[in-house]
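Peer 1: Sequence:
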Amino acid sequence: MSPLLIKHCAWFSKQRIRIASRHWSGSVLARQRASLDASSDLLVNRFQELLNQVPRGQLGYDQVDLILGSPWVRYVCLPWQDGLNHERDWESYARLLLAQHYGVSSESWRIRIAPGGYGEPRIAAAFDEGLYQTLLELCRTSKMKLGKIEPLFTTAVNQHQRQLKDAEHALVILEQGYALIGFYREHAWQGIITLPIQLDHDSPENQTLSLAALVREAAVLSGQFLPEHIYLTSSELTLRSVKSADFDFEWLGAVQPLFIAGDASQ
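Those letters in the sequence shown? Residues 10 to 275, per our numbering, in order.
None of these hints come from the bench; they were simulated from the model. Just so you know, not all the hints are guaranteed correct.
Claimed, not checked - Straight line, CA to CA, 20 Å or less: simulated PhoX-like cross-link-like pairs of lysine-lysine:
1. K16 / K157
2. K174 / K16
3. K16 / K154
Said to hold, decoys possible - Label-pair ranges, simulated between beta-carbon atoms:
4. R171 / L246: 20 to 30 Å
5. L13 / A254: 32 to 42 Å
6. Q72 / E195: 31 to 41 Å
7. K152 / L246: 34 to 44 Å
8. G126 / Q67: 29 to 39 Å
9. A270 / L218: 37 to 47 Å
The C-beta atom is built at its ideal place from N, Cα and C for all residues, glycine as well.
Can you build the whole structure from these sequences, using the hints too?
Peer 2: As structure tokens, this is what we get:
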């Protein structure tokens, strides 16, 4: 007998959608996947196909959460501004910086801004509003409730918050063809950047050199300090032992335990 209610979680990355369906107790009932490209139309079609394949609860109205990886979400770090007293002021500030950073209009983007303390910078994430509305309608017609929508960076930080103990560090999230790097210092995220990356999986030594070069490039491009402690997380590959003379790399495990490295290629 199927459960009354099943919770689904979908992860959108550059080349695939992955969906994990779980019982209310937390056990995974099924995993589905579909190939993608950078087309939002294809993403919608593939997502609809997967929703038609997932197991359904007896009540017929399950919930699906979304994790947005690259290139579907864009980030910018907002330096503290004394004159921004309301959330709408921070959103306008975020739109301005996003437009400057990416060189396109940000008026059609849905923006989420992470909370922060007084005097601290804040991370903003942006997602196409039209695509959001399409996904919302797709869930409605599929008789599913659209739950939370999280940028991948938020998912990783929430998952590994207790392990991010070093006072100054970088968090590197490895995706398909991308690396998302955040820099943490003075009790706040000070910078965030997404860079392309291609790792040599057959050579651990070359892999380590690539990761070290990646962190250096990210620090220069985002104008940040170069920390010694680097946390690594990925649900695309496993890096259990990364040794470097310049950095203290620490492997955290999967970005989200519902999605493991092995199921990405099965």
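Peer 1: Take the hints in turn and mark each one as holding or not.
Peer 2: Now for the hints, and whether the structure bears them out:
A C-alpha spacing of about 12 Å is found between K16 and K157, which places the hinted pair at or below 20 Å, so the restraint holds. In summary, the hint linking K174 to K16 is not supported, as the alpha carbons are separated by about 31 Å, beyond the 20 Å threshold. With a C-alpha separation of about 10 Å, the suggested pair K16 and K154 falls inside the 20 Å cut-off, and the hint holds. The hinted range of 20 to 30 Å is satisfied by R171 and L246, whose Cβ atoms lie roughly 23 Å apart.
Evaluation of the 32 to 42 Å hint for L13 and A254 yields a failure: the beta carbon distance comes to about 55 Å. For the pair Q72 and E195, the beta carbons lie near 37 Å from each other, so the given range of 31 to 41 Å is met. Hint check: K152 to L246, Cβ distance near 36 Å, so the stated range 34 to 44 Å holds. Here the CB-CB span from G126 to Q67 is close to 45 Å, at odds with the stated 29 to 39 Å.
Judged by the Cβ atoms, the range 37 to 47 Å given for A270 and L218 is violated: they are separated by roughly 21 Å.
Hint violations for this structure: numbers 2, 5, 8, 9, all remaining hints satisfied.
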